[in-house]
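Peer 1: Letter by letter, the chains look like this.
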Amino acid sequence: MKRKMGKRVAAALLSAAMLMTTLAGCGSTGGSTAAGSDSTQAGESAENSKYAETLTIDVFDSQANFQGMQSGWFAKIVKDKFNMELNIIAPNVAGGGDTLYQTRSANGNLGDLIITNLDKSRLKDLVTAGLVLDMTPYIDSCESLKKYETAIADASALAEQDGIWAVPSEISNQPATEPCEAMEPTNAPSLRWDVYGQVGYPKMSTLEDMLDVLEAMQQNAGTSDTGKNVYAFSLFKDWDGDCMQNAGAICALYGYEPMGFVMSKVDGSEAQSIIDNDGVYVRALRFLYEANQRGLVDPESTTQNFDTLQTKYKEGGVLYSLWPWLGAGQYNTSENTAEGKGFASAIIDDMKCLSYGSMPLGKMEVGMMVGSQAKDPQRLVDFIDWLYSPEGIEAACPQTGGGCGPEGLTWEMKDGEPVLTEFGVKAFVDIDADLQVPEEWGGGSWKDGVSALNVKTVGVVDCDETTGMCYNYQRWADYQQRVATKLQEDWSAQNDGALSAIEYMKAHDELLVLPGTNYATPEYSTDISTIKEQCKQVIVAQSWKMVFAADDDEFEQLLTEMQDLVNGLGYDQVLTVDLQNASDKAAAIKEVIATAK
Amino acid sequence: MKKESVKLFLMILPFLILVFLFSYFPLHGWIYALYDYRAPLKLSQCEFVGLKWFKALFSNPTQVSQLIVVLKNTFAMSLLGIATSFLPVLFAIFLNEIKVKWFRNLVQTLTTIPNFISWTLVYSIAFCLFSTTGMFNTVLQNLGIISEPLKILDSGQHVWLQMLLWSTWKGLGWGAIMYLAAITGIDQEMYDAAKVDGAGRWQIIRNITIPSLMPTYFVMLMLSVANFLNNGMDQYYVFQNSFNRDSIQVLDLYVYNIGMTGRSMSLATAVGVMKSLVSVTLLMIVNFVSKKTRGEGLV
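Chains A and B, in that order, give the protein sequences.
Under our numbering, the residue at position 229 of the first sequence is numbered 229, and the numbers go up by one with no gaps.
Under our numbering, the residue at position 221 of the second sequence is numbered 221, and the numbers go up by one with no gaps.
Excised from the complex, chain A in its bound form (with noise of 0.2 Å):
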């Protein structure tokens, strides 16, 4: 009997124990947790004192491709500097579109730093809904940000409520009509410049004559260097948005910008429909079916992601470019440039490749916020703040754009002029895959240290005030003379001896630059949006059919299906908004050239 008694209390206690994990469970999930008996760690470093608690922050950040802890050099730095470790969710790694900013936000909070956009009503929405704290009681101390006063005013301003919410991206202290870009625009038609060269640096007129040249330059080209075949086209879908995204990018060497269902020139002289029959967007997806008819375009491209998408240019498996970052980006290294091989910008007599002015007053899409449930607002609002002083848009910037890392580590001051270190020229001019920071550094792979944000604080072109250099290397006289290469040396040989495409372009009126604007585009009613997230699943979907269509008929067949849907469903109403979005933009880019002139 007591035996019995005894199973029962244990089995209570037990089911108690269960219960209390349970509850325990639930209680962590929100918010920013704080490690406090962590104070082991915290004692390591002497400017700790400030930040006695070490602090793991939830970052929410739209432009991250990487989910999870920050780790390697990176986070090394923040440690040190404000004991902080960056805990990263990322809606590009999660997928589907908004779902993860759905189901946060409608969860009421969003993360303890926010990094998303701040237009289409976003800003708004998140004010009203009380997710984004007023950074104006913590500002105070703020040197750097202080200086981009204006702009962070002006990007407050879209909440429609008294306060500052919120610090917008790549401010510039460069002049809006001129291209933030270093070394090409963000785009232009790029070759495998060697390929190129090999069936005889044919002129192309107009860019249909670009699938000749690619023909003969896929039947020049053998196999990859893995021993597969070699594509001039290969695609993928996961930027596709409004309209399938790679047709886009087509569409921006002629300087088309989408902007919603309307492909809009950038000097705001056309806006054209992206379902019209003789519309840019419907030329460039003829041009792509026309690539495939040749058997150019990589039979795998409908069923593959960016990531295998990046290896195959690595592997040089593909010969045409969507954007010159993104060939040049994997291919080019300094082994294969100093024989020659890489990506390089081609010249189409007719294009107008869309190139981004700079942004004095910052980019809207893009914006960081303080979350309102955030543990320790002041040092983030610190953290902020440090992300736009030099030091910190140094080591923050994505290498990727540039950015040139901290100073020390890859570069060092040398009468006055940045040079880059040996790390550096291993990191930056080799482009070496596994190169290992130094212990003293945090240790770890170059490549994982970087700083996951993604974000460009300032402008990629800009310099520091103080010192006047760069921040972006690739305009350094030391990495221009270090990747003075083979490749550059031919592609500037055929090209009147210019230095850089963007100065060519510039030189001979094929670049069109869209001026920096601090135009906010709104958000779309709900009714026109529901239309719209309808009419732009069809486009999407019916323009890939049509670029991989057995024939003509089947191509024009998928055309009026894709129409008369869109039509059906209500596409009119929403063009109808993007119209007057796209006049209201023109009508600001004018008024931004007209003041720079």
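Bear in mind the hints are in silico, worked out from the structure with no lab data behind them.
Only a predicted model underlies this, so the values are computations on that prediction, with no experimental measurement involved.
Please note: incorrect hints may appear among the correct ones.
What the hints assert, rightly or not - Only pairs whose alpha carbons sit at most 20 Å apart, straight line, appear in this in silico SDA-like list of lysine to any residue:
(1) 228(A) with 140(B)
(2) 120(A) with 72(B)
(3) 42(B) with 529(A)
(4) 203(A) with 529(A)
(5) 146(A) with 121(A)
(6) 42(B) with 494(A)
(7) 42(B) with 146(A)
(8) 7(B) with 25(B)
(9) 72(B) with 281(B)
(10) 275(B) with 222(B)
(11) 237(A) with 152(B)
As the list claims (entries may be wrong) - Covered by chain A, per the in silico footprint, the following chain B stretches (three or more residues, Cβ under 8 Å):
(12) 32 to 42
(13) 61 to 73
(14) 123 to 130
(15) 149 to 155
(16) 241 to 247
Stated by the list, open to error - Label pairs and their calculated CB-CB ranges:
(17) 276(A) with 140(B): 37 to 45 Å
(18) 228(A) with 281(B): 51 to 59 Å
(19) 27(B) with 522(A): 51 to 59 Å
All residues carry an ideal CB built from backbone N, CA and C; glycine is no exception.
Start from chain A and add chain B according to the hints.
Peer 2: For chain B alone, coordinates are given in the frame of chain A:
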């Protein structure tokens, strides 16, 4: 006596609470269908729009034709599922006929395992085998049977059939478990009597096993009819792409695509509400028919 019933009630109370929490409490979310809801805002900050979203579903011919396509897919896949629902029965019967115990267990284990593999993993298996550079295409190309890779995953052809094959592969063993249990429940004396009367294996199967399984089969069939509109979304979600979208989008996936991916939560909720109502009606009808024809219902 009263004490006893209180005790019994207390025993089912936890389950009642669970049912309430997970099956009835979430229904309060239906209210979102009546508002113009946008994610970070609280419901009180959104506009009340009444039945607007329900009307929007039928607002124009294209919208309706889209819905019809979606329903066609839903019905087709459900019907195919119901049409093949006898497969687990047959499988269970034949499995039961295997007399070598270890072999029978082996087959049963191997066919049950796929049920525990998530659809995401099933898709990665499918991708490895059937993508344009997958094993299937590579082998055929190397053997010189085809020159161009066959498009299997990224084509709009035979989508229903493909989906049926995948779900059969995944669910056959699991579906048979119920019938295997039912078979062990059949009175052994009937078998003995049949054997004494000189019945062969086939005759025993046809005259004893199958009729004895029918009640179980009908219950399962009725449940699947009630679930006609709920053919789930995970399978179709992982397999969907631009090329097969027109034939793969079932109701649940459609709700997800417009609600989560397409950011129209309210419209998606409206579709969800309608779906639930239709499902409940279907269940009622099936129950009524069952009562009339077989004399016993589900509820």
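Peer 1: Failing hints, ascending?
Peer 2: 2, 4, 5, 6, 7, 8, 14, 19
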